[in-house]
Amino acid sequence: MTTATTTAPGTAAPPKPATMAQALRRALRDAMAEDPAVHVLGEDVGTLGGVFRITDGLAAEFGDDRCTDTPLAEAGILGAAVGMAMYGLRPVVEMQFDAFAYPAFEQLFSHVARMRNRTRGAMPLPITVRVPYGGGIGGVEHHSDSSEAYYMATPGLQVVTPATVEDAYGLLRAAIASDDPVVFLEPKRLYWSKADWSPDAPATVEPLGRAAVRRRGSSATLITYGPSVPVCLEAAEAATAEGWDLEVVDLRSLVPFDDETVCASVRRTGRAVVVHEATGFGGPGGEIAARVTERCFHQLEAPVLRVAGFDIPYPPPMLERHHLPGVDRVLDAVARLQWEAAS
Amino acid sequence: MRKSSSTTVQELPGSAAYRPTPPPAWRPRTDPAPLLPDPEPFRVLGTDAAAAADPELLLTLYAQLVRGRRYNAQATALTKQGRLAVYPSSTGQEACEVAAALVLREQDWLFPSYRDTLAAVARGLDPVQALTLLRGDWHTGYDPHEHRIAPLCTPLATQLPHAVGLAHAARLKGDDVVALALVGDGGTSEGDFHEALNFAAVWRAPVVFFVQNNGFAISVPLAKQTAAPSLAHKAVGYGMPGRLVDGNDAPAVHQVLSEAMERARSGGGPTLVEAVTYRMDAHTNADDATRYRGDADVEAWREHDPILLLERELTARGLLDDGHRRTVAEGAEAMAARLRERMNADPVLDPMDLFAEVYAERTGQLREQADLLRAELEASEETGDAGEGSHSPHSPRGPRGEEGDAR
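Line by line, the protein sequences are chains A and B. Here UniProt numbering is used: position 216 in the first sequence is 216, and no number is missing along the way. Here UniProt numbering is used: position 389 in the second sequence is 389, and no number is missing along the way.
Where hints are given, some of them may not hold.
The calculated EDC-like cross-link candidates involving lysine to aspartate or glutamate, where the alpha carbons are at most 20 Å apart (straight line), are [as the list claims (entries may be wrong)]:
| no. | chain 1 | residue 1 | chain 2 | residue 2 |
| --- | --- | --- | --- | --- |
| 1 | B | K224 | B | D297 |
| 2 | B | K173 | A | E61 |
| 3 | B | K173 | A | D69 |
| 4 | B | K224 | B | E190 |
| 5 | B | K80 | B | D137 |
| 6 | B | K173 | A | D64 |
| 7 | B | K173 | A | E34 |
| 8 | B | K80 | B | E262 |
| 9 | B | K173 | A | E242 |
| 10 | B | K224 | B | D288 |
| 11 | B | K173 | B | D126 |
| 12 | B | K173 | A | E301 |
| 13 | A | K16 | A | D200 |
What the hints contain is simulated information worked out from the structure, not anything from laboratory work.
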């Protein structure tokens, strides 16, 4: 969809290890520097720099009016962002944790997602809602939800989630540049993941809505996103011992959904497993499996399988390793893809 | 006898000067006294202030009230003819609706609820455009930026934080803009009301919150809605002034709102205004008010009708004669006739517009679904099946609303 351009750097520093958190912070900083309409608001985003430090330094550089500590009220934050966007600003809202975004659902669903539609295009709302999501960080209750299915089920929202340091920058820039609202889901447990990355020469900002093939393979496709991408890559490496050559597709954008890239992969491999942390029943995997089956039925050698979180409220941290899809569970699913029948 | 240390009161360090002090974090904040509303609703008509009221303003208010009353009657009639899906009438509340529109300058913004189409019309919006939502046509029949009227808001009080955000953004840009947000008594119980007032006060946003307390939230009376002394008193908790006004006294509402707008304009921050009024009609045409209130109340309020109160004043001051009254009535009648005529024409909706403004660019799935609908439409044209409903101007739930009290 929308593509943003990045400023040409003066002298590009050589790539060096950077975390996803640093890339996100850099994306916010660059967006604010380029466009005075970009405003960041949320709980603790100012002086503290956010509980995950993603907004660290922004208030100092751009002032409290551009990076604002709000009262503690998520519906109020997002509702105020709606009014700010109505007046031509480009708000970037931080929801402190996945489950703390729920009070803002009415604003998100009844107004943010629909304003363009209900005004027949007269009043688009270029709002980015950043939501740290997912488990695996030992967070106590209400700090580890995978809430993407709620957002996916709401027409008018784009739903985006990075899995790499480079994408964290590129996708967040694209989200902020988009004239439509974006729910930008940040995998908490990847905040401190590192990759060689040059913040002075950021990669081209990707258009939203394009999946990326992270690993080429021929025997089956793992369709995944966000925090489960590294899990799938690890599983794919382990699978070589079994003689399976797995392809890994990182969706990056759940809405819009890149049927083209996903189906091109599945048509080639003939087998697919969808992997995510969110609960399976009513979760994103059901929609993805259905789309793949509808489009690739005659190329499929086996039913599309899902590896998802159990259908339980998010468990206590001492038990979360049993809930989250891990390498073994992914490999077990791959083993069930009717290999004997095919040979 | 030796004095036992165990019986001696243990003295604190520096005990001679010891005085209890407040907790370290405590500091005095706003003095609540100036924020408190007056004990009785502010009035102009029937008081000494009436003589000083500007005759031109009074006559403008009168003409607008009469037009507003006629507009409400016409819109209600249109529901009975199946030309409007639903109409939440503001009959009895015209003074509030009209005054809200008149205190706005060109650059100011209005944030209406679903009951406030009259305020939008009084601001100059074409009534047909104001009524598209209630007709079952597209949700917003106008460009909000062109009129500086936000879309009519159906979920209660959710438009209030929008008003705060817009006013805040305007102030950050250095623009002289005030947002006026309308809400009912029931809406004051919603979380968004609380959050909006809190944000507005903390940010000193140039916004005015205007509560039309019409006595009922559908069927629930104010006594079951709040235990506050008045709705205006709620302002004090947020650190903004609360003002109480007789909502059927048009010049009084105009004056109180004007003062609140001026306060916002001059950097004084937000104000909460409560107008005490009465909803003379049922919640909507789909509601039956006889189930929850008696005729005596309605009759008492009929004696306190906003048009009646203003007419008495104008007549007493010799500002209104029969000729003028007739001219105003004829103007309102002509407006109603034009509205009736235009609403009787079937609107033409293009079903393909369903996919037009979901996103700036259509997603792949929306392109597929648009193709599906297009094929269905073409097939129905070929078979001569008009596809009932595709161009229907009629109410989705019929003129009487069998589904109950939809907001």
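Name the hints, by number, that the structure is in violation of. Checked against the structure, the hints that fail are numbers 8, 9, 11, 12, while the rest are satisfied.
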